Amino acid sequence: MCHYERTDFQCGDFRWGNMKDRCDRQKRIGETCPATLLDHNNLTKVIGYCKVCQQIAVKRRKLQREENNIRRWHSEGNKLPLMMDKAVKTTEKLREEIIKLHNKRTSVQLSPKAGY
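When we follow the numbering used here, the leftmost residue of the sequence shown carries the number 89, and every step to the right adds one.
Treat the hints loosely; a few may be bogus.
Stated by the list, open to error - No more than 20 Å apart at the CA atoms, straight line, and that leaves these computed lysine to aspartate or glutamate pairs for DMTMM-like: (1) K147 - D101; (2) K108 - E93; (3) K133 - E93; (4) K147 - E180.
Because the hints were derived from the structure by calculation, they are not lab data.
Quantities reported herein were computed from a predicted structural model and do not represent experimental measurements.
Work out the full structure: start from the sequences and follow the hints.
Below, the structure is given as structure tokens:
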């Protein structure tokens, strides 16, 4: 079995690192067995979040700002209908992007699916 280093993030996701121990089952040079095992001696825990979670946080802040703008414009009256329409479309787009990014997370991809 081949052992690799791994970085664990605060959000629960992880990232595989470099190979640390080669497998005896190698058939040819450059090939490894399909089993990727964690080398506990090379496990790094990071206090921060992974890149995908950082992108999700940025999108959520943008979404919150747009929703606040829509509420404010609505309470002031429909003085800016085009701006409100644009903001509504932007919020829909941001929600879709957040869902796509959430599905990209390692912990979500490797979790068992409901109904299986």
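So, going through the hints one by one against the coordinates:
1. K147 - D101: Status holds; Cα separation ~19 Å.
2. K108 - E93: holds, 7 Å
3. K133 - E93: holds, 11 Å
4. K147 - E180: It holds: about 12 Å lies between the C-alpha atoms, which stays within 20 Å.
Checked against the numbered hints given earlier, this structure breaks none of them.
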